[in-house]
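Undergrad: Each chain, letter by letter, is given below.
There are 2 protein chains.
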Amino acid sequence: MMAVDKIGQATYAVQGVYIQGTGSVVGPKEGQGPLGQQFDRVWKDERAGQATFEKAEQALLIESYDEALKKAQKRWEDIELVVGGDLLDQIITTNFSARQHGRPTLGLFSACATFTEALAVGALLIGGNGPKTVLASAASHHQTAERQFRFPVELGYQRTPTTAWTATAAGAVVLSEDVGPLAIEAVTVGRVVDIGGKDPNDMGSAMAPAAFDTISQHLQDTGQEPGDFDKIYTGDLGHFGIKMLIEYAAQKGLQFGDELDDCGRSLYNQATQDTHNGGSGPGCSASVFAGPLARRLVRGDWDRILLVATGALFSPTTYQQGETIPCVAHAVAIKAVRGAGQ
Amino acid sequence: MMAVDKIGQATYAVQGVYIQGTGSVVGPKEGQGPLGQQFDRVWKDERAGQATFEKAEQALLIESYDEALKKAQKRWEDIELVVGGDLLDQIITTNFSARQHGRPTLGLFSACATFTEALAVGALLIGGNGPKTVLASAASHHQTAERQFRFPVELGYQRTPTTAWTATAAGAVVLSEDVGPLAIEAVTVGRVVDIGGKDPNDMGSAMAPAAFDTISQHLQDTGQEPGDFDKIYTGDLGHFGIKMLIEYAAQKGLQFGDELDDCGRSLYNQATQDTHNGGSGPGCSASVFAGPLARRLVRGDWDRILLVATGALFSPTTYQQGETIPCVAHAVAIKAVRGAGQ
Chain L
227 MMAVDKIGQA
237 TYAVQGVYIQ
247 GTGSVVGPKE
257 GQGPLGQQFD
267 RVWKDERAGQ
277 ATFEKAEQAL
287 LIESYDEALK
297 KAQKRWEDIE
307 LVVGGDLLDQ
317 IITTNFSARQ
327 HGRPTLGLFS
337 ACATFTEALA
347 VGALLIGGNG
357 PKTVLASAAS
367 HHQTAERQFR
377 FPVELGYQRT
387 PTTAWTATAA
397 GAVVLSEDVG
407 PLAIEAVTVG
417 RVVDIGGKDP
427 NDMGSAMAPA
437 AFDTISQHLQ
447 DTGQEPGDFD
457 KIYTGDLGHF
467 GIKMLIEYAA
477 QKGLQFGDEL
487 DDCGRSLYNQ
497 ATQDTHNGGS
507 GPGCSASVFA
517 GPLARRLVRG
527 DWDRILLVAT
537 GALFSPTTYQ
547 QGETIPCVAH
557 AVAIKAVRGA
567 GQ
Chain Y
227 MMAVDKIGQA
237 TYAVQGVYIQ
247 GTGSVVGPKE
257 GQGPLGQQFD
267 RVWKDERAGQ
277 ATFEKAEQAL
287 LIESYDEALK
297 KAQKRWEDIE
307 LVVGGDLLDQ
317 IITTNFSARQ
327 HGRPTLGLFS
337 ACATFTEALA
347 VGALLIGGNG
357 PKTVLASAAS
367 HHQTAERQFR
377 FPVELGYQRT
387 PTTAWTATAA
397 GAVVLSEDVG
407 PLAIEAVTVG
417 RVVDIGGKDP
427 NDMGSAMAPA
437 AFDTISQHLQ
447 DTGQEPGDFD
457 KIYTGDLGHF
467 GIKMLIEYAA
477 QKGLQFGDEL
487 DDCGRSLYNQ
497 ATQDTHNGGS
507 GPGCSASVFA
517 GPLARRLVRG
527 DWDRILLVAT
537 GALFSPTTYQ
547 QGETIPCVAH
557 AVAIKAVRGA
567 GQ
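For the record, the sequence lines run as chains L and Y.
Its first residue numbered 227, the first sequence is counted upward by one per residue in this note's numbering.
Its first residue numbered 227, the second sequence is counted upward by one per residue in this note's numbering.
Simulated from the structure, these hints should not be mistaken for laboratory data.
Identical copies carry no separate label here, and so any pair may be met within one copy or between two of them.
When the alpha-carbon atoms are kept at most 27 Å apart in a straight line, the in silico BS3-like pairs for lysine-lysine are as follows:
{"id": "1", "residue 1": "K296", "residue 2": "K232"}
{"id": "2", "residue 1": "K300", "residue 2": "K232"}
{"id": "3", "residue 1": "K358", "residue 2": "K232"}
{"id": "4", "residue 1": "K281", "residue 2": "K424"}
These numbers were taken from a predicted model, which means no experiment stands behind them.
My request is simple: use the sequences and hints to build the entire structure.
TA: Below you can see the structure in the form of structure tokens.
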């Protein structure tokens, strides 16, 4: 039986909402990284025969939908609602894909925190007796994001050591009230936090305080400590940002142990792939969860994780106007359901 | 007692979710229009002393929050969740405002359909035993939208007869499980519809089929006819788009009567204000509902309305790449609660 109950300030305990299937599709660089074997599909090139990189990003997202539906043994007609978003202006990847599937759709945007926003909204709606089956997703593409947020890739401009590498990746999950291999335990909706960072080439440092805010809120609301989770995965703080989070949390009296890791830090081999701070983009945490993390939960390596996707909410306009970078993180606690196969 | 129940294909009946207060703040041109007296605040100039128009748009949104909270007799601490969005890339208006109020926030985007998306998400979450009190909003600003989507206003370029005028306007409502003057009856989440329109200067025609799709879905799911509502207000189809909707619906066997009207068509005096097709932007339907429509419901002119905000989901990038314009509409049925004063 599904149920939603608010606990504490910003957390909702969820009962009876399951992940029935996950789909993860990534580009060639992501496929060559340390997690490459654990995605459903790895593209051989970033364009995949599409006329534009924007169309390629849509194709990437739709392939992740197809994989999630296949594993959940659902057809499109079973999907009552699609919730998701992406990094492109007016979230065109999600919205243009929606004209293909034709299912009722709610567009979301929390930058690189969009995947956990989608999981949270989907879980709360199912838990609240709304739709029975929801497809939640997020996507990004290196080529479309770079030219929108930074420079045309053809320029070959030099990237600073703290710059993230926007992942070509999409992740989707089928959420349902029918029992599946994973279950949503609780969600915490984040507040927007801005400590005054201004450098769009160091988003990890800017996002660390937002990650701390949401993680500590979740722990406080649920009466837990970091070690109560087998893993706490932030979204794309990267190599620098995760250090910032550990230091920032220590100053506030919260000690992380080995359970803390980051999707963006895990996606590439920093030494050989020239990815600097690590992976970013809404598709980073979406694909890393839908591929590697979901697999490890299902096969029994872990029982419970807290996924905390992190987003930097600036735009090129706000950067040019000298604004600081507000950030947000949304947390979703996910546990394995033993005895239900995926 | 709150409850959510799915009825039909895409509609959710909602019980026990109320609108406790509404806030509407508009720019000078909107204040000079036929609805000018019915907004809470009318700005004397579009910049209102802010350094940039983007900051002005944020100030506009925050003023609409303040008005809604005041009328609902709520403080910021009472707001458990903010849901909303705007037209600017990366929905910066909503997200930058969120660092000021510091409440948990879910960013949404359905272009000019964002306000009913926010109402729908807020109502379903409250009805599903999530947060007790939610602030739902949408905003737009003529100067920020024009330079993002079309040209710098300083160019003085000629606008075609079907071009909409992006409204400088914000609307916010406090949704709560505590009884208020208005109640949410039901919501229908729209599908993305694309009939192949390519002209960003004729969004009314592009959006009309999406409006039809959602309205007819709502009527079918709830077993109603258009005349069962005192008013059906689409978002910003405008003078041309509403004619398209009437013709398109007639071809499909659905006849509208006097109950059909449009927020964008109502906002300006077409003959004297040089606004061509009428108002558009997420703030258009948000402010017209939060001001004039809510007032008429409360004072007894109408008992029930269907608000159907409409959105064109293109971006400058998709336009330049020769893409067509996908559109969406989300519907929310709202009724007056007699005996509860606002």
